[in-house]
Amino acid sequence: MADPLVVIVGAGPAGVRAAETLALAGLQPILIDEAERPGGQIYRQPPAGAVRPGIYGLEIRKAAGIHGVLAGLGAVDYRPRTLVWNVFQDRLDLLTIEGHGEQRFDRLILATGAMDRALPFPGWTLPGVFTLGGAQIALKSQGVSIGRRVALVGAGPLLPLVAHQYVGAGAQVVAVLDVTPFAPKLLQLLGLAAEPGTLAKGLWYTARNRMQGLAAAYGVRAIRAEGKRQVEALIYKDAMGVEHRIACDAIGASCGLRSETQLADLAGCAFVFDQVGRQWVPQRTGQGRSSVPAVYLAGDGAGIGGADAAELQGRRTALAVLEDLGRPVDLAEAARLDRRLARQARFRKALENAYPFPDHLLDDVADEEMVCRCEGITAGALREAARDKDAAEINRLKAFTRIGMGRCQGRVCGHAAAELLARASGVGIEGVGRLRGQPPVKPIPVLGGVP
Amino acid sequence: MTERLTTDVTIIGGGVAGCAAAVALRRVGLKVVLLEKGACGAGASGVNFGGVRQQGRSLVELPLARRSRAIWDKLNEMLGEDVEFEATGHIKLARSEADMAELERYARDAAEHGLELQLLGANAARADLPWLGEKVVGASLCAEDGAANPRLVGPAFARLARRLGADVREHALVNAAAREGERFETRTDALAVDSRFLVNAAGIGAGKVASWFGEEVPLGPVVPNMLVTEPLPIFVTRSVGVCGGDVYVRQVSRGNVIMGGGRGWGDAELLHSGPTTDQSLTGMRKTLDLVPALRGAHIIRTWAGIDGQMPDRIPVIGFSATTPDLVHAFGFSGHGFQLGPVVGEIIAELIADGRSPSPIEPFAITRFAEASVLPAAAAGVEH
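Protein chains in written order, with my numbering: chain A, 1 to 451; chain B, 1 to 383.
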């Protein structure tokens, strides 16, 4: 009997570790990834040939570890530059530079990762406004800063990290503005100590930023970007309500991460509401099993856990696949991973609590503010549909207003739209449902049709 | 606890036909309860191509399509909102002499029903659609046909029905209905509705409803597969189809080009459906042959939905053959969006007057009981 075909989507920390574990167990997994080189977003590499030591900072060893795994494993069928745009039953639909293709699987591990959670604020569509993750990718992949005078604003651990990386790379960072208050960070220290190494790094970044004159302001509100043709200033109110204006030509702004869940949705996975992340995520067991027997979930694509947790989940999920295939499994290793994942979970909960969701940004969104930039849908249009057309559910809102119908299919605007709808309807955000996934998960060329 | 309602008419199904019936019935003063399994207008009524097309319809459907087309002109005013109806014209292309002969024959027949079609030669067709990629022999243009936004029409009818006093219940799946004496009892998990009349406008679920009253009908699923591009500069100024029906395309005012591409997959029991990749890719290739300008464009979304289809591709509209006061309206076979508004009026006429001025005899449910050999299916899959 032929070996079972295990396909992994995503070559970030979770996908790479899953591939490694399966290959070491004697299987020949297929690892499919959109990027040119492995690493995912967190350990994204510059193009082949470019060398940028130092851009990973304290994470250099972890990054190098992930980057080097595949080179040492002949058994992994690694397929970079390949978009998986649909899952149906046991088939993946692919797009490569050569055109459309398909890949069958017996077992599928989705390690699709996460992207920034962008929230609208006045001026957020101006040229020069990036997400924090986008600012980081510009640095890691292209070796450039998003501007000459860069203001960073938002919430989540990416904020001090990007500040640290930008300063380290020689960029001029003119402000680090945290839209969440400082107090919760202190309150969560005990929980954060579940991962003392990571906590120490976070404190180090913050301290280094401070030493370099980049003390973060906490509890910042009412942020807005101004400029004629592009960003010229970031205006905000500090925790005391005093307005400040900072001249800058680029802004990195986002509030935490959201899981990339579309493929799991198309694969038919059941979803649950993640209260901590305020998002619907595919349901998974601690071992990475989804509600669909052949489909497994590892890493941030099914709830945000961060890169370290993703590596552990990649390994743990691969063990579950091996177990389900009737292969021998190192039970001691499985137990060790389970313990480390439990610690990661405590840390993550504390981290999310340290950066509570910035409700005030959504409460402040004015009617004229653009929410869906693909389709040009304003907050006012969403509120009107909710009020006058009984659009109490997010897919209904989509049908009436086109929100989430554009190129990004709601990956960028979907969260904000759900938050605004929940406010307009007077229900919790879990009460408005989630945007249904539709293929293709990213745009595909018409020209790619079968000859 | 079961909530009990008493009404004049219970309507099963909140598609365009069911919601339009609720509106028309309220206008003649009857009390209405409408039960919809999901959200109104979100089934076949909401996921179709959006074609408001008379051209190419079965000749027996044309009187209804004509009457419905008149309603479309005043629909925005009636509904109190813009459903994006535009009479862009529908042009049907002939790619062979045989196709052209078919178009000429159809144009003659349609003229007898008052539908004026304009036959175009190859040069005139190309002048009308200068971007055409495929060699065409000619075309037939129906200037008064067009398209509307299917996502808006059904819900707008449902809201109007509510404003007129209909009791519209969404997420109310009917799991039983029966005649008891002179009345109907219709049940959902939470509701029991007692009514004098019952309307079966349950789309793909209508076969099951009919079977509760001893009427077995050969209603099957049809799952149109749809694709849409990112917004592009406007150039597809007509709704376009071809003889054979395997390609159809239009561009919405936002700029997105919508194309039909074969059949999706559907589970009529689970009411679950989705697009099929092979069909989507084939549809893309065929559309590209017809519209080469789409060469650099991207598909941003695909979808599918389940409609009910009869073997002869025309609907069932009219009174039940087994049960008094039961009215059927289902099996629209992909034609229900354009016909929906008039079907609502016809349902109300049947209930209020016992008859409709429109010729609905060809749509009698009895045609399947009587005919051992089914009429040949009309060609084409364009919706």
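No lab work stands behind these hints, which were simulated from the structure alone.
Ideal Cβ positions, reconstructed from N, Cα and C, are used throughout, including at glycine.
Treat the hints loosely; a few may be bogus.
What the hints assert, rightly or not - Covered by chain A, according to a simulated footprint, are these stretches of chain B (three or more residues, beta-carbon under 8 Å):
(1) 128 to 135
(2) 147 to 155
(3) 272 to 281
(4) 288 to 296
Results of checking the hints against the structure:
no.: 1; hint: 128 to 135; result: violated (count 0)
no.: 2; hint: 147 to 155; result: holds (count 3)
no.: 3; hint: 272 to 281; result: holds (count 7)
no.: 4; hint: 288 to 296; result: holds (count 4)
The structure is inconsistent with hint 1 alone, although it conforms to all the rest.
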